[in-house]
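> Can you build the whole structure from these sequences, using the hints too?
The sequence shown begins at 1 in the UniProt record's numbering and counts up by one.
One or more of the hints may lead you astray.
[Unchecked claim] Within a straight-line C-alpha distance of at most 25 Å, the following computed DSS-like cross-link-like pairs (lysine-lysine) qualify: (1) 23 with 8; (2) 7 with 113; (3) 105 with 7; (4) 7 with 23; (5) 113 with 8; (6) 113 with 80; (7) 80 with 105; (8) 113 with 76; (9) 23 with 105; (10) 105 with 76; (11) 105 with 8.
[Said to hold, decoys possible] Simulated restraints on C-beta separations: (12) 93 with 63: 21 to 29 Å; (13) 7 with 93: 18 to 26 Å; (14) 31 with 69: 33 to 41 Å; (15) 67 with 96: 35 to 43 Å; (16) 15 with 86: 31 to 39 Å; (17) 2 with 75: 30 to 38 Å; (18) 69 with 15: 40 to 48 Å; (19) 11 with 72: 34 to 42 Å; (20) 16 with 102: 20 to 28 Å; (21) 42 with 67: 28 to 36 Å; (22) 115 with 17: 33 to 41 Å.
In case anyone wonders, no lab produced these hints; they're calculated from the structure.
Here a beta-carbon is modelled for each residue, glycine too, at the ideal position from N, C-alpha and C.
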Amino acid sequence: GTEVAVKKFLVQDFTGDALAQFKCEAEMMIRLRHPNVVLFMGAVTRPPNLSILTEFLPRGCLYRLLHRSGTQIDEKIRIKMALDVVRGMNYLHTSHPTVVHRDLKSPNLLVDKNWVVKVCDFGLSRVKHHTFLSSNSTAGTVIILTF
1 GTEVAVKKFL VQDFTGDALA QFKCEAEMMI RLRHPNVVLF MGAVTRPPNL
51 SILTEFLPRG CLYRLLHRSG TQIDEKIRIK MALDVVRGMN YLHTSHPTVV
101 HRDLKSPNLL VDKNWVVKVC DFGLSRVKHH TFLSSNSTAG TVIILTF
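Printed below as a string of C-alpha coordinates:
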(Lines of atoms letter the chains of each structure in order from A; the text may use other names.)
(Lines give C-alpha, C1' and ligand atoms only; values in the text may rest on other atoms or scores of the structure.)
Protein backbone atom coordinates (compact mmCIF):
# COMPACT_ATOMS: atom_id res chain seq x y z
CA GLY A 1 0.00 0.00 0.00
CA THR A 2 0.88 3.66 -0.26
CA GLU A 3 1.39 5.78 2.84
CA VAL A 4 -0.67 8.96 2.81
CA ALA A 5 -1.01 11.96 5.08
CA VAL A 6 -4.54 12.81 6.21
CA LYS A 7 -5.04 16.40 7.29
CA LYS A 8 -8.40 16.81 9.01
CA PHE A 9 -9.70 20.31 9.56
CA LEU A 10 -10.08 21.23 13.22
CA VAL A 11 -13.05 23.44 12.41
CA GLN A 12 -15.85 21.56 10.65
CA ASP A 13 -18.75 24.02 10.84
CA PHE A 14 -18.06 25.73 7.53
CA THR A 15 -20.67 28.02 6.03
CA GLY A 16 -21.80 27.39 2.46
CA ASP A 17 -19.20 29.82 1.09
CA ALA A 18 -16.33 28.33 3.09
CA LEU A 19 -17.32 24.81 2.05
CA ALA A 20 -17.46 25.91 -1.58
CA GLN A 21 -13.99 27.46 -1.20
CA PHE A 22 -12.68 24.20 0.30
CA LYS A 23 -14.03 22.28 -2.70
CA CYS A 24 -12.45 24.82 -5.08
CA GLU A 25 -9.09 24.41 -3.33
CA ALA A 26 -9.38 20.63 -3.73
CA GLU A 27 -10.18 21.00 -7.43
CA MET A 28 -7.18 23.30 -7.85
CA MET A 29 -4.86 20.87 -6.09
CA ILE A 30 -5.95 17.95 -8.29
CA ARG A 31 -4.25 19.43 -11.36
CA LEU A 32 -0.92 20.26 -9.67
CA ARG A 33 1.83 17.81 -10.62
CA HIS A 34 5.44 18.73 -9.84
CA PRO A 35 8.29 17.06 -7.91
CA ASN A 36 8.47 20.08 -5.56
CA VAL A 37 4.74 20.42 -4.87
CA VAL A 38 3.07 17.98 -2.45
CA LEU A 39 0.98 15.45 -4.36
CA PHE A 40 -2.74 15.81 -3.63
CA MET A 41 -4.40 12.40 -3.52
CA GLY A 42 -7.98 13.17 -2.53
CA ALA A 43 -10.38 14.93 -0.20
CA VAL A 44 -13.36 14.29 2.04
CA THR A 45 -15.76 17.15 1.33
CA ARG A 46 -18.54 16.36 3.81
CA PRO A 47 -18.55 17.59 7.41
CA PRO A 48 -17.76 16.35 10.03
CA ASN A 49 -14.80 14.76 8.24
CA LEU A 50 -13.50 17.59 6.02
CA SER A 51 -9.95 16.57 5.21
CA ILE A 52 -7.38 16.26 2.47
CA LEU A 53 -5.14 13.34 1.59
CA THR A 54 -1.63 13.94 0.29
CA GLU A 55 1.53 11.97 -0.15
CA PHE A 56 3.30 11.25 3.13
CA LEU A 57 6.68 12.96 3.59
CA PRO A 58 8.55 11.24 6.46
CA ARG A 59 10.93 14.04 7.45
CA GLY A 60 8.02 16.39 8.14
CA CYS A 61 8.12 20.15 7.85
CA LEU A 62 11.27 22.13 7.20
CA TYR A 63 10.62 24.34 10.24
CA ARG A 64 10.94 21.40 12.64
CA LEU A 65 14.03 20.09 10.86
CA LEU A 66 15.76 23.46 11.12
CA HIS A 67 14.82 24.03 14.77
CA ARG A 68 15.46 20.54 16.12
CA SER A 69 18.45 20.67 18.43
CA GLY A 70 21.45 18.78 17.16
CA THR A 71 20.30 18.69 13.54
CA GLN A 72 23.08 19.53 11.12
CA ILE A 73 22.16 19.78 7.46
CA ASP A 74 25.04 19.81 5.01
CA GLU A 75 25.50 23.05 3.06
CA LYS A 76 25.04 21.29 -0.31
CA ILE A 77 21.75 19.81 0.87
CA ARG A 78 20.59 23.21 2.18
CA ILE A 79 21.31 24.81 -1.21
CA LYS A 80 19.48 21.97 -2.98
CA MET A 81 16.54 22.43 -0.59
CA ALA A 82 16.37 26.15 -1.38
CA LEU A 83 16.38 25.34 -5.10
CA ASP A 84 13.56 22.83 -4.53
CA VAL A 85 11.44 25.62 -3.04
CA VAL A 86 12.26 27.91 -5.98
CA ARG A 87 11.32 25.18 -8.47
CA GLY A 88 8.03 24.45 -6.71
CA MET A 89 7.07 28.11 -6.51
CA ASN A 90 8.13 28.70 -10.12
CA TYR A 91 5.86 25.85 -11.19
CA LEU A 92 2.92 27.39 -9.31
CA HIS A 93 3.59 30.87 -10.69
CA THR A 94 3.99 29.68 -14.29
CA SER A 95 1.03 27.28 -14.29
CA HIS A 96 -2.13 28.25 -16.17
CA PRO A 97 -3.97 29.72 -14.44
CA THR A 98 -1.27 31.03 -12.13
CA VAL A 99 -1.39 29.87 -8.51
CA VAL A 100 -0.17 32.32 -5.86
CA HIS A 101 0.54 30.53 -2.57
CA ARG A 102 0.32 33.59 -0.24
CA ASP A 103 1.62 31.82 2.88
CA LEU A 104 5.07 30.50 2.00
CA LYS A 105 7.05 29.73 5.17
CA SER A 106 9.09 26.83 6.52
CA PRO A 107 6.13 25.08 8.25
CA ASN A 108 4.49 24.91 4.79
CA LEU A 109 7.46 23.13 3.24
CA LEU A 110 7.64 19.36 3.68
CA VAL A 111 10.72 17.17 3.26
CA ASP A 112 10.79 13.62 1.92
CA LYS A 113 13.21 10.81 2.83
CA ASN A 114 15.67 11.97 0.14
CA TRP A 115 15.71 15.58 1.42
CA VAL A 116 13.52 16.81 -1.45
CA VAL A 117 11.47 19.84 -0.33
CA LYS A 118 7.86 20.19 -1.46
CA VAL A 119 5.54 23.17 -1.15
CA CYS A 120 2.27 22.43 0.65
CA ASP A 121 -0.72 24.01 2.40
CA PHE A 122 -2.64 25.89 -0.23
CA GLY A 123 -5.30 27.08 2.23
CA LEU A 124 -4.66 30.71 1.27
CA SER A 125 -3.69 30.26 -2.35
CA ARG A 126 -5.47 32.14 -5.06
CA VAL A 127 -5.88 31.17 -8.67
CA LYS A 128 -5.11 34.14 -10.90
CA HIS A 129 -6.51 34.21 -14.39
CA HIS A 130 -4.17 37.04 -15.42
CA THR A 131 -0.42 37.26 -15.12
CA PHE A 132 -0.63 40.54 -13.21
CA LEU A 133 -0.09 39.44 -9.62
CA SER A 134 -1.54 41.84 -7.12
CA SER A 135 -3.52 41.39 -3.95
CA ASN A 136 -6.43 43.35 -2.61
CA SER A 137 -6.51 41.36 0.60
CA THR A 138 -4.09 40.44 3.32
CA ALA A 139 -2.67 36.96 3.63
CA GLY A 140 -1.05 34.97 6.36
CA THR A 141 -1.79 32.04 8.60
CA VAL A 142 -5.52 31.72 9.18
CA ILE A 143 -6.74 29.79 12.21
CA ILE A 144 -9.83 28.40 10.50
CA LEU A 145 -7.63 26.59 7.99
CA THR A 146 -5.25 25.09 10.55
CA PHE A 147 -4.85 21.34 10.13
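> May I ask which of the numbered hints given earlier this structure violates, with the numbers listed in increasing order?
Checked against the structure, no hint fails, so every one of them is satisfied.
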